[in-house]
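Engineer: Sequence:
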Amino acid sequence: MAIAQNRITDQVAVTVVRQHLFAVTPGEGLIKKDLSAGEDVIAIEARGLNALVQTSSRLLGFSGQVLRWSEQDIDIRENVIERRITSQLILVRTDKRLYGFQGQIGHWSKEDLGPQEEQRKVLVGDNVAVVVTERRALAFSALTGGFFTQELQIGEEIEDAIANDNIVILSTTSRRLIFRSQLAIWAELR
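If you read the sequence shown in the working numbering, its first letter stands for residue 1, the second for the next number, and so on.
Honestly, the hints are just simulated from the structure, not real lab data. All C-beta atoms, glycine included, are put in the ideal place defined by N, C-alpha and C. A portion of the hints provided could be inaccurate.
[To be verified] Calculated pairs, DSS-like style, for lysine-lysine (alpha carbon to alpha carbon, straight line, at most 25 Å): (1) 110 <-> 96; (2) 33 <-> 110; (3) 110 <-> 121; (4) 96 <-> 121.
[To be verified] What follows is a list of derived Cβ distance ranges for each label pair: (5) 176 <-> 32: 23 to 33 Å; (6) 154 <-> 20: 46 to 56 Å; (7) 149 <-> 17: 25 to 35 Å; (8) 13 <-> 109: 36 to 46 Å; (9) 116 <-> 146: 35 to 45 Å; (10) 136 <-> 8: 45 to 55 Å; (11) 75 <-> 133: 14 to 24 Å; (12) 42 <-> 116: 44 to 54 Å; (13) 182 <-> 20: 36 to 46 Å; (14) 190 <-> 76: 23 to 33 Å.
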């Protein structure tokens, strides 16, 4: 017997009026966030209970669960490569850092990348995101928050990768690496 899984429908919308952002939710009205003088809005995305506004100087995450905005400053020399948003998390990749937004509590986490650390693969499910570089796999869990690192061995290549809403499995040339969002630890099978 299959268990039905209830998907979270989109519950948040964002609009800009003059120098103010407004997160609109079905029941609680409007939650305002002021933009700074000269701050430009670059992108707005919303999914499920989360919304992301990328501006010229920061990332603004909105949590529909706690009904608040949370901000994360970004360096003006930092280039945003990709934004991924699910009903439970937000992942923003730049050329210098990874940013993860935990929707349940409206909190940002960040992880610095090393000099010339090349990002090779990105996997995102509802509660988990993994970025693989040539040196390591960095997992973000929406359930526990924070980034969790698994070092890769010299010359170890990812041959296959799968992700569902809560689990990522990386098959390498020498082992399988498993990350589960609820446990927030890497496991290894040989």
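Engineer: Kindly indicate which numbered hints from before are broken by the structure, ordering the numbers from low to high.
Structural biologist: Hints 5, 7, 8, 9, 10, 12, 14 not satisfied by this model.
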